[in-house]
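Visitor: Residues per chain are reported as follows:
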Amino acid sequence: MSEVMQKLRAPLLPGVVALALSTAYLIALLAAEKQPLIIGLLAFAVVAVLAAHYLGWLNLVSRSFADREDVLGVYAILAACVVAAFFHDNHFVLLLFVTVLLYTVATLGLNIQFGYAGVLNFAGASFFGIGAYTSAVLSTYTAVPHLLVLLIGGMLAALIGSLLLLPVLRTRGHYAALVTIAFALLLKTFLEVNDVLGGPQGMQVKGMSILGWSFNDNFEIGKIEMSFYLNYFVVSLLLLTGTFVLVRRLERSWIGLNLDALRLDEIAASCFGLDIARWKITAFLLGNFLIGIAGALFGMVGGFVAPNNYTFADSLIMVSILLLGGIGNPWGLVVATFIVVVVPEKLQTIQEYRILLFALIVIMMLLFRPEGLLPRPVRRYFPGWRA
Amino acid sequence: MTYLLEARGLTRKFGGVVALDNLDLAVVPNEIIGLIGPNGSGKTTFFNVVTGIYGAHGGSVTFDGADITRASSPAIYHAGISRTFQRSRLSLPLSIFDNIMIGNHKRLNQGLWFNLIRRGEFKREFEANYGAARTLVEVFEPQLAERMFEPVGGLPMIDRRRIEICRALINQPKLLLLDEPSAGMTHDETKELMDDILQVRDLNRNLTIIIVEHEMGVIERITERCVVLNFGRKIAEGPYRQVAVDRQVQEAYLGVE
Chain A
-5 MSEVMQKLRA PLLPGVVALA LSTAYLIALL AAEKQPLIIG LLAFAVVAVL AAHYLGWLNL
55 VSRSFADRED VLGVYAILAA CVVAAFFHDN HFVLLLFVTV LLYTVATLGL NIQFGYAGVL
115 NFAGASFFGI GAYTSAVLST YTAVPHLLVL LIGGMLAALI GSLLLLPVLR TRGHYAALVT
175 IAFALLLKTF LEVNDVLGGP QGMQVKGMSI LGWSFNDNFE IGKIEMSFYL NYFVVSLLLL
235 TGTFVLVRRL ERSWIGLNLD ALRLDEIAAS CFGLDIARWK ITAFLLGNFL IGIAGALFGM
295 VGGFVAPNNY TFADSLIMVS ILLLGGIGNP WGLVVATFIV VVVPEKLQTI QEYRILLFAL
355 IVIMMLLFRP EGLLPRPVRR YFPGWRA
Chain B
248 MTYLLEARGL TRKFGGVVAL DNLDLAVVPN EIIGLIGPNG SGKTTFFNVV TGIYGAHGGS
308 VTFDGADITR ASSPAIYHAG ISRTFQRSRL SLPLSIFDNI MIGNHKRLNQ GLWFNLIRRG
368 EFKREFEANY GAARTLVEVF EPQLAERMFE PVGGLPMIDR RRIEICRALI NQPKLLLLDE
428 PSAGMTHDET KELMDDILQV RDLNRNLTII IVEHEMGVIE RITERCVVLN FGRKIAEGPY
488 RQVAVDRQVQ EAYLGVE
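Respectively, the protein sequence lines represent chains A and B.
Under our numbering, the first residue of the first sequence is numbered -5, with each subsequent residue one higher.
Under our numbering, the first residue of the second sequence is numbered 248, with each subsequent residue one higher.
By construction, these hints were calculated from the structure, which means they are not laboratory data.
Any given hint could turn out to be false.
As the list claims (entries may be wrong) - Pair ranges (Cβ atoms, derived):
(1) A:L350 - B:V265: 37 to 47 Å
(2) A:H168 - B:R334: 16 to 26 Å
(3) B:G401 - A:S203: 49 to 59 Å
(4) A:V43 - B:D449: 50 to 60 Å
(5) B:G378 - A:D64: 30 to 40 Å
(6) B:G431 - A:V76: 32 to 42 Å
(7) B:G358 - A:L7: 32 to 42 Å
(8) A:L141 - B:S307: 51 to 61 Å
To be verified - Computed footprint of chain A on chain B; a stretch qualifies when at least three of its residues, placed anywhere within it, have a C-beta under 8 Å from a C-beta of chain A:
(9) 307 to 317
(10) 324 to 334
(11) 338 to 348
(12) 372 to 386
These numbers were taken from a predicted model, which means no experiment stands behind them.
Where is the CB? At the ideal position from N, CA and C, for every residue including glycine.
Excised from the complex, chain B in its bound form (with noise of 0.2 Å):
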């Protein structure tokens, strides 16, 4: 089987602590895949280690069938991963439709001279993508749709992080990362929230998600498969139903007796 993104003895070290060891992962095409694991088990290292934050101290990764293992942030970007992050990394300044725009980077003609002098063509473009931002917001909440042109920072946080996953899945990526996406939301929010993201993958059944979650509900859910990972390893495989009863991974979320 050819995997979409495939991790072998991924390792990342920071001083003395071992956030990711040894870590093997691979993603098959089209699935929705969990990381879960207590805090600091290494769930985002091992995103920040794939989208080109952190560098790796050991290990590969190949996405797309290429070594991304020492790609930069944009080159990976380009090859076709989006990410959202723990903390909304959201330019609160800038409108909606700013803020989607910056995740469809590759696709906006970046040349001084056609952004600078011709402005007919520029405006087709913008009117273009106008209309496709618009039409995904849409999807999540089509109240905030009416608000393109409004700045981010007004916003409540759900409608944040739906900013926000729209400016990952604008450029239509390979490969989602959702880094805690219910993370100071309430539960009501959280399940309009992955109502939304089933809504866009029913949408495009191409898209590939990780999802790193602490609220087990949303892991039931939404994912087909789960990892669990302790201290940087990881620990079980498999169903959410069959790693939730696994005793090492209710030892690594309780402890040990």
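For reference, chain A alone in the conformation it holds in the complex (with noise of 0.2 Å):
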């Protein structure tokens, strides 16, 4: 009986169910506005999933993601556009919304070098900034089409990223990481002292247009009226379902295996043929160029950038979104990037001790759940895969 049953795909529908609820929850959280409802939807929030975890519901939703993720991700999509659609005139959750995007995609990056290759990066804002200020030059000064743009962020934040491969393939663990935290300070008062780039005051960016088309104008679908971040949410989220599938197929490939084998024992993969420096590379880099990307696009949405937008303390966020989700879980960074983002917005209350309650998650989720919100489950090279 048992057999069958492991022959049986998990079904789909605590799935469906898992994401529906949680689409009406986030449609709920960002309509709130005063401040009682909001905390009493935060605290819903958590007795919810506790009780569900108790229930052993949260374990069905999981199985059913393992098994169906290739439905259940269009589902997130759709999700995704619910949301979009109900908020479609509301300026301020539209750019919220694509900065939870956007920052998912760049966390996605820092996991590729982090949770796999395990090359610990505290300079993703860094990274970030450099795509956002590779937009800013280049929409001044130059005509190159915006989708371009992107690109050569994502490629000017690995070549620039590749500046710190020597000393990172040269020291481990933490001298690494000190590393990084060694370029962010550098890159900022780079930033700060260079007058072509805006000094501290920083740069204007124009914002996206394609073929034409202007993201920064409202425009109408019939006769309703939509906000102009509409347009920089459509490509958010394409962005982030390119990333989120490229990171997906990565993990489960020899690639993703060659990443774990040698953070888990480069002794151990390097007497089995694997080239640790290559690996590393390839991790470092392509990491990079995602959080590059999702930096230029995200430079284009505020319009603005300057030095004092991509600090230390920002690149801890980011860290802090991958401990909290879920080490190597792109599905737990997504809810992760969702709860760093969103809540210190529309908690208002809270908002100067953001920093504070980061630290306090952090320290909490390290002492009582280390392998994060949603763990990272065991590699299935094919959802729904049996032999």
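Dock the two chains into a complex; use the hints.
Guide: Written out as structure tokens, the structure is:
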């Protein structure tokens, strides 16, 4: 009997229900204005998740996602569209939503570096900033098509990041992390004293426009007025989808296995033919490339870049998303980015304490659930595949 | 006679300690050779120098006609030497299948394009390798073959050893270095594991094995020839029965009166 059960794919229903409920909840939370209501909703979420955990429902959901990821991924994209459609004329909420999407792309990049290859990068925000500054410079001084600008932003982040390769490859663990911290501080100083790049005041970034379609104008569908952020939402969602699929495929391939092997035991890995430097470089460059693309688009969304937006503290927030979500689990990163980006924005009362709150969350996670909210499952090369 | 592996005057020092002292050691193709000696006599150091983890301070190592004295660990693996470790070095959070595939590195397509874009081809390669890994595990323990996607961290010591040996064997090496496979196991488990090793050897007559072991029963049972080390030097060589009664060997193990 149990063997028959094992041959069957897990049912789709728990995953769909979980997605529908989270979508409804997200809409309610984003629409809520009054502080007591928001606090109530957040408390409700904590209780509901804990209850679902103890009733074993979360387990059903995760099995459903493990086996039916392809279908549920499409539903997740639809869910994001539903949320965006609901807030179609709300600049603030859409900007917040786009921020979540782009931060998720960036943390997926960090995840390749730290989650898979074990290379700690405390300069995530710096590479994000390099992407954003690329947008600023190219859109101000050149007529490079904007989609190409995104690509160049990613390539520049990877290129400048390659300056760090030698020190990162020659050091291990904490020392490699220190190298990236030093880089983050140096880059900020460099941007502050560099007048061509606007110094401490930063630069304006022109809005995106593709084939004459200007992203920074509101538009109408039928008689309904749409926020211009909806343009950015579509591009960001496409970018996130592409990145998610890429990271997933990477993990579920021999390359993902290589990265895990070198993270867990470099000596054993090199005794089985693994070129440690080659795969560390691949992970580091690919991660920075993704972070740079996300940063380039984020620069266009915000319309403005300044050194103070890309500090060491912002890098720490990215790393805390990784720790909170579950190192190595892309779905966990999506959930964690929502929590880390949305909660402080909605919960105005804690605004100035947000860093303190993150610090607390990270410490609590490391103490009680070091594998993160959604721990990374054992690698399955193809979802639902049975021998 | 041509040797598969030949060390000549191999020397390795750690500070003032000479771990390998001008060691000559030759291995004929297809034999099982035991490397024994008291603790600290240089057995594991020999493995580490051969597999490129440590550099040699003198002498040379040739494998299959090529000089590998200064080759890197990955290059030596590609030349056809696989090993296990004294303290099992499996990746515990990874599945049985993943761990075995780490050993199969040289036969897996490592191209970015192949791995990320050509998923159909990747799936065929994955399925072929799944079959190969499963068949190999079945030789050792059929029950483990049903658990290929469970993390290795949850398995008992003997199963971890089996997986480690499978990881070393999956790429069909010419030379297998086993570093104390019986460490941390009971007497019965050790016997089971040795049966498995002999069975693998029956399946692949081209395999040459060097085994480091403290369990003399194992050495007696499976090796054709023994090399005894003490303070990094070879003090005796020959069939187990012969070296076991050697005066120098007995002194090395038991001390001089």
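Visitor: Mind checking, does the region 307 to 317 of chain B have 3 or more residues with a CB under 8 Å from chain A?
Guide: Since 0 is below three, the answer is violated.
Visitor: For the region 338 to 348 of chain B, do three or more residues have a beta carbon lying closer than 8 Å to a beta carbon of chain A?
Guide: With 7 residues in contact (Cβ-Cβ under 8 Å with chain A), the coverage given for the region 338 to 348 of chain B holds.
Visitor: Okay, G358 of chain B versus L7 of chain A on CB: inside 32 to 42 Å?
Guide: 39 Å, holds
Visitor: Quick check on a hinted range of 16 to 26 Å for H168 of chain A and R334 of chain B, using CB atoms only.
Guide: At roughly 24 Å between Cβ atoms, R334 of chain B and H168 of chain A fall inside 16 to 26 Å, so the hint holds.
Visitor: Does the beta carbon distance between G401 of chain B and S203 of chain A stay inside 49 to 59 Å, or does it fall outside?
Guide: Holds, at about 55 Å.
Visitor: Starting from the range 32 to 42 Å, see whether the pair G431 of chain B and V76 of chain A falls in it by beta-carbon distance.
Guide: Cβ of G431 of chain B to Cβ of V76 of chain A: about 56 Å, so the range 32 to 42 Å is violated.
Visitor: Has the hinted range 51 to 61 Å been met by the Cβ atoms of L141 of chain A and S307 of chain B?
Guide: 57 Å, holds
Visitor: Residue count check for the region 372 to 386 of chain B against chain A: does it reach three with CB-CB under 8 Å?
Guide: holds (count 3)
Visitor: Within 50 to 60 Å or not, the Cβ separation of V43 of chain A and D449 of chain B?
Guide: Given a distance of about 55 Å, which is inside 50 to 60 Å, the answer is holds.
Visitor: Is 30 to 40 Å right for how far apart the beta carbons of G378 of chain B and D64 of chain A are?
Guide: 24 Å, violated
Visitor: Three or more residues of the region 324 to 334 of chain B near chain A by CB distance under 8 Å?
Guide: holds (count 5)
Visitor: Starting from the range 37 to 47 Å, see whether the pair L350 of chain A and V265 of chain B falls in it by beta-carbon distance.
Guide: Once the Cβ atoms are compared, 57 Å apart, the range 37 to 47 Å for V265 of chain B and L350 of chain A is violated.
Of the numbered hints given earlier, the model fails hints 1, 5, 6 and 9; all others are met.
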